[in-house]
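Based on the provided sequences and hints, a complete structural model is requested.
Residue-level listing of the chains:
Protein chains: 2
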Amino acid sequence: MSLIVQKYGGTSLKNISIIKKVAKKIQSLNLAGTKVVVIVSAMGNTTDSLIKKAHQISKNPSPREMDILLSTGELVSSTLLSIALNSLKIPAISLSGSQAGIQTDINHGKARINSINPKRIFNELKKNKVVIIAGFQGTSLLEETTTLGRGGSDTTAVAIAASLNTDQCEIYTDVDGIFTADPRLVPKAQLLHQIAFEEMLEFASYGAKMDPRAIELAMTYKIPILVKSSTSNSLGSLISEDADMKKTIGEIKNKVRGIATDNNVAKITIRKLKDKPGTSASLFGLLASENVSVEDIVQNSSTGGFTDLSFTLKKPELQQALTILKNSQFNSNISTVETANNLAKISIIGTGMQNTPGYAAKMFRTLGNANINIEMIITSEIRITCIIHESDLQSAAQLLHTEFSLDKNNS
Amino acid sequence: MSLIVQKYGGTSLKNISIIKKVAKKIQSLNLAGTKVVVIVSAMGNTTDSLIKKAHQISKNPSPREMDILLSTGELVSSTLLSIALNSLKIPAISLSGSQAGIQTDINHGKARINSINPKRIFNELKKNKVVIIAGFQGTSLLEETTTLGRGGSDTTAVAIAASLNTDQCEIYTDVDGIFTADPRLVPKAQLLHQIAFEEMLEFASYGAKMDPRAIELAMTYKIPILVKSSTSNSLGSLISEDADMKKTIGEIKNKVRGIATDNNVAKITIRKLKDKPGTSASLFGLLASENVSVEDIVQNSSTGGFTDLSFTLKKPELQQALTILKNSQFNSNISTVETANNLAKISIIGTGMQNTPGYAAKMFRTLGNANINIEMIITSEIRITCIIHESDLQSAAQLLHTEFSLDKNNS
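Those protein sequence lines, which keep their order, are chains A and B. Using the working numbering, read the first sequence as starting at 290 and increasing by one per residue. Using the working numbering, read the second sequence as starting at 290 and increasing by one per residue.
A pair counts as met if it fits within one copy or between any two copies, since identical chains are not told apart.
Here are the simulated DSS-like pairs of lysine-lysine, each with C-alpha atoms no more than 25 Å apart in a straight line: (1) Lys348 to Lys303; (2) Lys416 to Lys348; (3) Lys303 to Lys341; (4) Lys342 to Lys310; (5) Lys615 to Lys563; (6) Lys342 to Lys303; (7) Lys544 to Lys651; (8) Lys348 to Lys603; (9) Lys561 to Lys604; (10) Lys341 to Lys378; (11) Lys313 to Lys341; (12) Lys415 to Lys324; (13) Lys341 to Lys310; (14) Lys341 to Lys309; (15) Lys511 to Lys324.
In short, the hints are calculated from the structure, not lab data.
Structural data, given as structure tokens:
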């Protein structure tokens, strides 16, 4: 008998009538003899509204308390889906992260899964029940509720799929799948039917809504992820190891698979930082210890014992980072600090680029011809990223999408 | 160092600004060097709104799923109160029922507490933390979340007070305490400063808003309960063993302590039921097994092998009870079944009545003189109850309140 793992996001569970529709979808699988394990996010914007409540009380609520607070969102959606299945005469049971055997580290608010003991899940499946697991949460060795951070339910789903050794993990969302670019920015964006883990990892890190940890986990355990809409009939996008093998001829020719964008970018530039061994390490160590996530770092080569250092971070973290720098030992070593919080990232992504020269040059030329200024450049083997002004993002995305032959009618 | 257990009901936690006020109240206790354990209900009408969501999906949701769903309400309020205390620089920690060591039976939706292991509570108190416990919930031996039913947080509070061996349990609510009658029905109702457990048990069973199980537990473990308003400065009502000892002279003279009322009463009368040994037992056993709560039973003496049997129940359960009777083996033994669902209960209550004759006669005469028809009479040692028409309830309550010298200016 086949076993399938499905994850439904918050928009796919946003109200009672939509929860009933999801139940019907699962019912038809169950009636066809498939065993189903479902991972759920919190309904609609529940998580945001709980965070808002806490922030009305305190600017820095305890991460432990926040985890218990936020974990309730998934408990509610999992029980309601279970009740909806029962009302269709389908036996079902909801399990909390803890009951599902999800053990995490103690890092509240951004815990990592250490292990999954799927005993209870298997027991319930044996009783022919649909098992519905509250995503985004687990329990630490201290028996404290933990949450996995934003997008954590994706990670739960892939981890559960891995622990149950299923062939695939299905992720249902409010879009048709993974696109060559954000369709809100680039109307000609097209659906990617297949995409490699590595490519998706770059998309996920650079704007597309999927938790990079979920993709890393899927890559490690070789679990293909099918991302599709919970409402439309689109076939969705398969994220897998072998995307290359299955590519259409059109797609093989095109080594750029998509454009990733992110308009939530701020930058700090430190001029004339004393260039001693260990300076960067302690600087970024300090920021990390205060939970500021630094994204990209560029350091120019040193002249006269001084260097210029730039790094990007999310806009809301800019002020905190500046305060930390100001109060740190580095303050006296710094000539000037410049900041910008109106930036964006744009990247071209594709595993096929890695052994082929000329992509970077073509990207820079395209932006340059349109008078779009490039603030920073960061490249990896399968990605070339430019930091540009936020106001240039849409035109840059459309130009690059056309230039790299990604438009709908060009493929 | 003194230790105090406080419970805050839903109206005392209904929004963020009220939660902040409760935190300030606890802060002053903490600053005065008192250790505090707080039990919380869900915010405002959270529980009702979760029930409503479930009922939009199913008329008979699984009690197990409902328990997980409803338990989230108290998790939210306990974490928010903890965050509010932290923001006042008071160390605090929220504990779920399970983390607080509350072990219950497996009876979902109306679980009973089997035991409390207060180890974690003591550990957190030792760390000088205010401990905030999610009321109304526990965990079964099967490691399933259970809830204690309506008013369950009162029971949690008393059980925790008993397990911590405190001198008193404070219950904060939206009224000033226990009154001689429902002030909405009887404007001259007065606050009772002291009341005996046995008397309160009768009040609680007959309309006043407190969980009878909490009072039974307090009586067993001899924990006085102080019920008071979370907003006013009223001294509240002390429910204790020794109410008699502390009574004022005026109160000693008056052996009726209060009037309890309940307008949620339906009645079933079975005419000419075959009067064999065991008939009542199996009839009420059957109703109990289907979770219909029968409240009062009156059976007339048998004539010719047949008897008339009447019993009361809550209005919403009338239809279910009739269906059960109709489908049962008793159906063929029943000549006619009569029902009424427009009834009310009115009781006079007082431990002093038990050895003093004349109270019943006075009650019946007062109602009779006002042309109020009595449908059923039930008495216990410290309570005399009449079932009357709902439309007569208010005037009956006011007449008896005056007749038994309970009016404000009479005491």
